[in-house]
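J.: Residue-level listing of the chains:
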Amino acid sequence: MRRIISIIILAIVALGIALCVINIPFGASKTKVGNYYIEKGREQTGAANIVTSVVVNYRGFDTLGEVTVLFVAAIGVSTVLATLKKKTKKEVEPASLVLSTGCRFLFPLILFFGAYIFIYGHLSPGGGFQGGAVIASAFLLTYLGCRGKRISEKRSKITESLSGLVFIVVGLIGLAVGGHYFLYNFLPKGVLFSLFSAGIIPLIYIAIGFKVGSEIAGIIDKLVEES
Amino acid sequence: MIFIVLFLIIVMLAAAVSASIFKDLMNAVIASCLVSLIASILFFLLQAPDVAMAEAAIGAALITAVFVIAIRRTKRYEE
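The listed protein sequences derive, respectively, from chains A and B. The letter at position 123 of the first sequence is residue 123 when you use the numbering used here, and the numbering goes up by one with no holes. The letter at position 31 of the second sequence is residue 31 when you use the numbering used here, and the numbering goes up by one with no holes.
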């Protein structure tokens, strides 16, 4: 009986969602603001990647909020795990030679790839969040492969705080110089498609990359340490 | 092209359903990792490479790692 009622409720919910979604013109160019970004985005911000120009320039304040959410999540994880009892240190079995050598070989390559993703975020797909996640996955690889290696907690905290500070200071300088809004693009735009272009966008993305990378690596470090 | 997308979507649905019915939680985590991986391929085919990168790095790699660590601390089999 309960099962039949739940199936009926599920069918009603599915019907409601379908009726809501069916009238949305997916893929059609209806919104004015989207067309505006596509037409004017490159000349106004100087970034070849329009997604980046929206994320960092037009909606830069939202990005600050996203970074803050991640920061709060990292603090929450470390607070919850700090209340647990510390396990007695067990002797970790060292990984085999093939595994540890492979990890040591791959680690700088993955770091390099992550750095490439966020440094070239204004020219090619990718950006601070993606590059930071790739860097954190490099640290995850070392935790799985070369057991016993740990990142220094103090240094990751310092990196995180400094990069967050760079983000806010660059935004405030824009507010002071431009006088219009937070994260005003006060540096020269440069030539489109060149590495040193788009003003403050590469600076912000490098800061976000370092921040996200150190935060997620810190979360993983805490979890691996406790398990 | 459309057949590749259809195949991917069918595999994704099968992985999503099996993730919810597996009794072995490690298998369920791997199945949900497969869902994220195929979602990232579909994002790429829909010309959203930025989202595809984020999905591949976070959804397929880091979330799976967090779940595996959580399973190591708790029980592996569902009753």
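Simulated from the structure, these hints should not be mistaken for lab results. Fair warning: there could be bad hints in the mix.
[As the list claims (entries may be wrong)] If the Cβ cut is set under 8 Å, some of the chain A residues that face chain B in the computed set are:
id: 1; residue: L15
id: 2; residue: I17
id: 3; residue: V21
id: 4; residue: A48
id: 5; residue: V51
id: 6; residue: Y116
id: 7; residue: L123
id: 8; residue: G126
id: 9; residue: G127
id: 10; residue: S137
id: 11; residue: A138
id: 12; residue: L140
id: 13; residue: T142
id: 14; residue: G145
id: 15; residue: V224
[Unchecked claim] Partial pick of chain B residues on the chain A-facing surface, computed with a CB cut under 10 Å:
id: 16; residue: A31
id: 17; residue: L62
id: 18; residue: K75
Note that the Cβ used here is the ideal one computed from N, Cα and C, for glycine as well.
J.: All hints, please: hold or fail.
T.: Against the structure, the hints come out as follows:
Against a cut-off of 8 Å between C-beta atoms, the interface hint on L15/A is violated, since the closest Cβ of chain B lies about 20 Å away. About 17 Å separates the beta-carbon of I17/A from the nearest beta-carbon of chain B, more than 8 Å, and the hint is not met. Taking 8 Å as the C-beta cut-off, the interface hint given for V21/A is violated, the closest approach to chain B being about 17 Å. Taken as an interface hint, A48/A does not check out: its beta carbon lies about 13 Å from the nearest beta carbon of chain B, beyond 8 Å.
This hint holds: V51/A has a C-beta 5 Å from the nearest C-beta of chain B, less than the 8 Å allowed. Interface hint at Y116/A: violated, since its Cβ lies 12 Å from the closest Cβ of chain B, which is beyond the 8 Å cut-off. This hint is violated: L123/A has a C-beta 12 Å from the nearest C-beta of chain B, more than the 8 Å allowed. Interface hint at G126/A: satisfied, since its Cβ lies 5 Å from the closest Cβ of chain B, which is below the 8 Å cut-off.
Taking 8 Å as the C-beta cut-off, the interface hint given for G127/A holds, the closest approach to chain B being about 7 Å. Here the hint on S137/A is kept, as its CB sits about 5 Å from the closest CB of chain B, short of 8 Å. Hint on A138/A is violated. Least Cβ distance to chain B is approximately 10 Å, over the 8 Å limit. Given hint, L140/A at the interface with chain B, holds; its Cβ is 5 Å from that chain's nearest Cβ, closer than 8 Å.
A cut of 8 Å between beta carbons decides the hint on T142/A: the least distance to chain B is about 12 Å, and the hint is violated. Because the beta carbon of G145/A sits about 13 Å from the nearest beta carbon in chain B, more than 8 Å, this interface hint is broken. Evaluation of the V224/A hint against chain B yields a held restraint, the C-beta minimum of about 6 Å falling below 8 Å. Checking A31/B against chain A by beta carbon gives a least distance of about 20 Å; that is not within 10 Å, so the hint is violated.
Annotation: interface hint on L62/B holds; nearest CB of chain A at approximately 6 Å, less than 10 Å. Hint status for K75/B relative to chain A: violated, with the closest Cβ pair at about 14 Å, above 10 Å.
In this structure, the hints that do not hold are numbers 1, 2, 3, 4, 6, 7, 11, 13, 14, 16, 18, in rising order.
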